[in-house]
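**Q** Residue strings, one per chain:
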Amino acid sequence: MRTVVLASLRTHTRRYVAAALAVVIGVAFVVTTAALSSATRDGLTRGVSAPYDGADVVATDLVGRDAAALVAAAEEDGAEGAEASVLGWASLPVRRDGRTLDGVDEVAQVTTTPTLRWPELVDGAFPAGAGEAVVDAGAAERADLGVGDELSIGQGDRATDVRVVGLVDSPSQLVRADVYVTWADLAPYADELYVDSLAWAGGTDALTDAVPHATVQDARGYVEEVTAEINRGVDVVAILLLLFASIALFVSVLVISNTFSILFAQRQRDFALLRCVGATRRQVLRSVRLEALVLGLVASATGLAAGTAAGLAIVAVVDSRFPTADLGSASVSPGWYAGAAVTGVVVTLVAAWLPTRRVTAVSPLAALRPDTGIDARTAAGRTRVALGVAALVGGAGLLALSVSTTSPLVMVVGGTTAFSGVLLLGPLLVPALIGFTGRAASRVLGTPGRLATGNAVRHPRRTAATTASLLIGVTLTTAVLTGMASARGAVDDEMDASHPLDATLTAGGAGLPDRAVDAVRAVDGVDDVLAVPGVRADVGALGAVAVLGRPADVAAITRGPGTVLEVGDDEILLSYDLVSGREVPNRVEVTVDGRTERLRTVLGEGWGSAALVSASTLAALTDTPMTTALWVRADDGADAGALADGLDAVAAGLGASAGGGFAERGYVDLQLDVVTGAVVGLLGIAVVIALIGIANTLGLSVLERGREHALLRALGLTRRQLRTMLGLEAVLLSVVATVLGTVIGTSFAWVGVQAMVRSVVPEAPLVLPLGQLAVVVLVSAAAGLLACVLPARRAARVSPAAGLALD
Amino acid sequence: MTSTLSPPGTPPGPPTGPPAATARGLTRTYGRGDAAVHALRGVDLDLPRGRFTAIMGPSGSGKSTLMHCLAGLDVPDAGTVAVAGVALESLDDTALTLFRREHVGFVFQSFNLLPMLTAQQNVVLPLDLAGRRPDPARLAEVVDTLGLRDRLGHRPSELSGGQQQRVAIARALVAQPAIVFADEPTGNLDSESSAEVLGFLRRSVRELGQTVVMVTHEVDAAAYADDVVVIADGAVRAHLVDPGADVLLATLRGDR
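Protein chains in written order, with the working numbering: chain A, 1149 to 1955; chain B, 25 to 280.
It is possible that part of the hints are untrue.
To be clear about the criterion: a stretch of chain B counts as covered by chain A if any three or more of its residues have a C-beta under 8 Å from a C-beta of chain A, and this derived list gives those stretches [said to hold, decoys possible]:
1. 93-107
2. 124-134
3. 145-158
Per label pair, the in silico range of CB-to-CB distance [said to hold, decoys possible]:
4. ARG173(B) - PHE1584(A): 24 to 34 Å
5. ALA1538(A) - ARG173(B): 45 to 55 Å
6. LEU1433(A) - ARG162(B): 46 to 56 Å
7. GLU242(B) - ALA1538(A): 55 to 65 Å
8. ALA1580(A) - ASP159(B): 26 to 36 Å
9. LEU1497(A) - ASP159(B): 54 to 64 Å
10. LEU1421(A) - ASP159(B): 39 to 49 Å
11. ASP101(B) - LEU1933(A): 28 to 38 Å
12. ILE1387(A) - ASP116(B): 51 to 61 Å
13. ALA219(B) - VAL1541(A): 50 to 60 Å
14. LEU1421(A) - ALA219(B): 26 to 36 Å
15. GLU231(B) - LEU1933(A): 40 to 50 Å
Hints were generated in silico from the structure; no laboratory data involved.
Glycine included, C-beta positions come from ideal geometry on N, C-alpha and C.
Required output: the full structure, derived from the provided sequences and hints.
**A** What follows is the structure, given as structure tokens:
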């Protein structure tokens, strides 16, 4: 029997390529995941201990003011040798020659104490005191900085000038910054400092005295804890990636299973002949299972190699393109390799199990019957239909339940059950849909269209399995796209409420000159500018602040409905950054040149560093309001960084301050884009496998129908018509799967929005990203066409006479 | 079965006018070097119009290759073929395909019909492919002649072998081609169905005025034909016009 297995593998190698490819991709996915997570882990944990090497204890749960207190305490305690190093950073504009540097904004402390100084010097020297700074080598390269450059850090009257005296490498990724200055220069920004931790050398009494609520722990214990936390974080990401890998592997199962089904159907006579010449049922079964095993082993081995190569390549590319990502070295442990290989082989064997069982049903007589062509009309069995309907109804019920209970778990179970129902009903559902679509297509394309439709639904189960693989990928992709679009709609509404204005420019002194409007209008990305009248007034204990009168035509410039900037005649809106943590009474007196209004205070944000009153209140306060702020609406596609830089430059020239929500809005949008892109990209792997499956089914069917095609050619089907016919068959398969997947995916997204988003944001409408969905359909139709290129070429090349002579 | 089956009429007499198909110096070789098989070695042949011609010869004599070349299904290495006055070597693949569906009909030994189409759809397939509507009178004539009236809605898997072959003959005849080629049309049939199919082929010549060329290795089948071309080792041995059974047998025996 071994001769038979080997000979048949040799003969059918090319027919197994697609099935093998599906396994290879799945296994490679797993291995690449392992390689990338190991590199990430290595990069994150490497150097984690560096900042704490000279420390005795580490203090955490600190805010900037606590850190300042501790640094002061350490200095007082100096005689006993206590030292503190603040690990954290403030996001501050860094300018050189008046221009804000792009991508250089994290400013942190570097201590003058050598034992606690953790960055590694690559050029120049460490700062000896105030006015000196070192710059991270990566940041220096990005912004073209060098030793000797003069930088201005921060805004307004707190801006500090420093000179770059050295370049450093930052071994720890957790607390790295772009620019390191001594505490003297950082102290003014202590309130804005994000403190990750504080390394402390010396006795802890002074520490606990200064900040009693700080969490203090042994330095080594802290490093171990942080390392463990990173590992957990990386593991979570790896598990998420493996979830996508398992989707890809499940799709592979469908593709492989289909390949075996078709191959075995084509080889039915061979099997019958083997039975005729004396092979037992068991021998035939064992021989085909052995074939599956060999396929699984070869494909898994290839997958391991491909996955390792892909992992190393991605790490190398990321390292060279994004030096700040700082991945470590990739290594895949033997455990991962073994796991991936076993998964690949098991997936292949599982996929081959059902088709191989059917092989043994063939009777020896089948070999002796004249071949009338394979007309295996496989249809949906009654059990299958019953199960499918039950799963569909049950799943739909669970989904409905999840909407009313907003339970994600019920939703996932319901979605999976309902989708299984759809897959089970595939042999009924998909041919019906293809028949329907095909009838429309035949009207345009005539006989080739009708033939293609007939061919596409000839083996309902085969058709269903082929489309199922694509259906899974498309359903998940459209669900994610629609879900994210809806979530984005909800987030946008939130952003509209919290950031009604894209950008603001608020006068620092008394009013803005008329040329300011033109200067702002000239900034790249500015769509419209509104001059806001106001006056400089004394507001309670806050002192002199810019008080703006709400312009009547504010709706023209705000995002969203604009109702957020409503202010009553007896109210004054104070922005959080104006108040900056101070207690504000319920009512304040607002005074301008002896005229006083007593107003109710309301805290909020979104209109810059100013107070906002109604137009009539402003009129009561002053008869001569001046343009005190400019409110800006940005072009929708404007570059947030360039806009902020441009406004900053204008503001600096006028002694005004710039602000606004456009950058934040852009940042949130970017986050959503990144998540959507990553998920769609990962699902894309499953879609690619599914398309390989379609090409495979089509390719194998073309081999099977060689004589039919020859007959059609003899009867007058031109080469072009033959190619049209096969192309249409592929497009019918892919488009029906895609449209069905889009419908199911959108419904799932609706349920998801109802069950999850609506529990957080009550008014979350379902947003259909029609453009993206159209792209999905078009891409899969195009991919379907692509999938048929090779089989169609092979089919069209055969001359009618040669085709008729085929066995 | 149809009750209008008339006793075989007299042969239409010796051929007149231009032949339906001609071949000159036809050569076809498969493979190369030692493995080369010379299927045809310079065949010259005229197939008369309005006659039922059988091409006979043992297995491997090249009779199927000859038919494929005559029908434009295969391209000869050398020599020329003209069908209905058109030189096939002057046509490219698409033109050849269009020529086939306009002027040539086929009946094959097996796997004749497309399994997903009904009998009627199979019959009108060549017209469908050409984008033509079947002439209802012609369709009815052919369908009735072949006794397929009550089988039109069936799929091939629901038809017997003889019925399938009759559908194939109807398909070959419906477009009124200049010439019909039949490749071992009775190869897969029992003797009763064979007789029936051969009878229909002969009637299509007698009553519908078609030209039919049939490749066979069965003497019984050849006996239904008007003329017999005997092929051996890739060359024409004899072209017998209206041979009696004894002449035919003698010729074949002489070849052995």
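**Q** With reference to the structure, classify each hint as holding or not holding.
**A** Hint-by-hint comparison with the structure:
no.	hint	in the structure
1	93-107	holds (count 4)
2	124-134	holds (count 6)
3	145-158	holds (count 6)
4	ARG173(B) - PHE1584(A): 24 to 34 Å	31 Å, holds
5	ALA1538(A) - ARG173(B): 45 to 55 Å	46 Å, holds
6	LEU1433(A) - ARG162(B): 46 to 56 Å	54 Å, holds
7	GLU242(B) - ALA1538(A): 55 to 65 Å	58 Å, holds
8	ALA1580(A) - ASP159(B): 26 to 36 Å	35 Å, holds
9	LEU1497(A) - ASP159(B): 54 to 64 Å	59 Å, holds
10	LEU1421(A) - ASP159(B): 39 to 49 Å	47 Å, holds
11	ASP101(B) - LEU1933(A): 28 to 38 Å	36 Å, holds
12	ILE1387(A) - ASP116(B): 51 to 61 Å	60 Å, holds
13	ALA219(B) - VAL1541(A): 50 to 60 Å	59 Å, holds
14	LEU1421(A) - ALA219(B): 26 to 36 Å	33 Å, holds
15	GLU231(B) - LEU1933(A): 40 to 50 Å	48 Å, holds
In this structure, none of the earlier numbered hints is contradicted; all agree with it.
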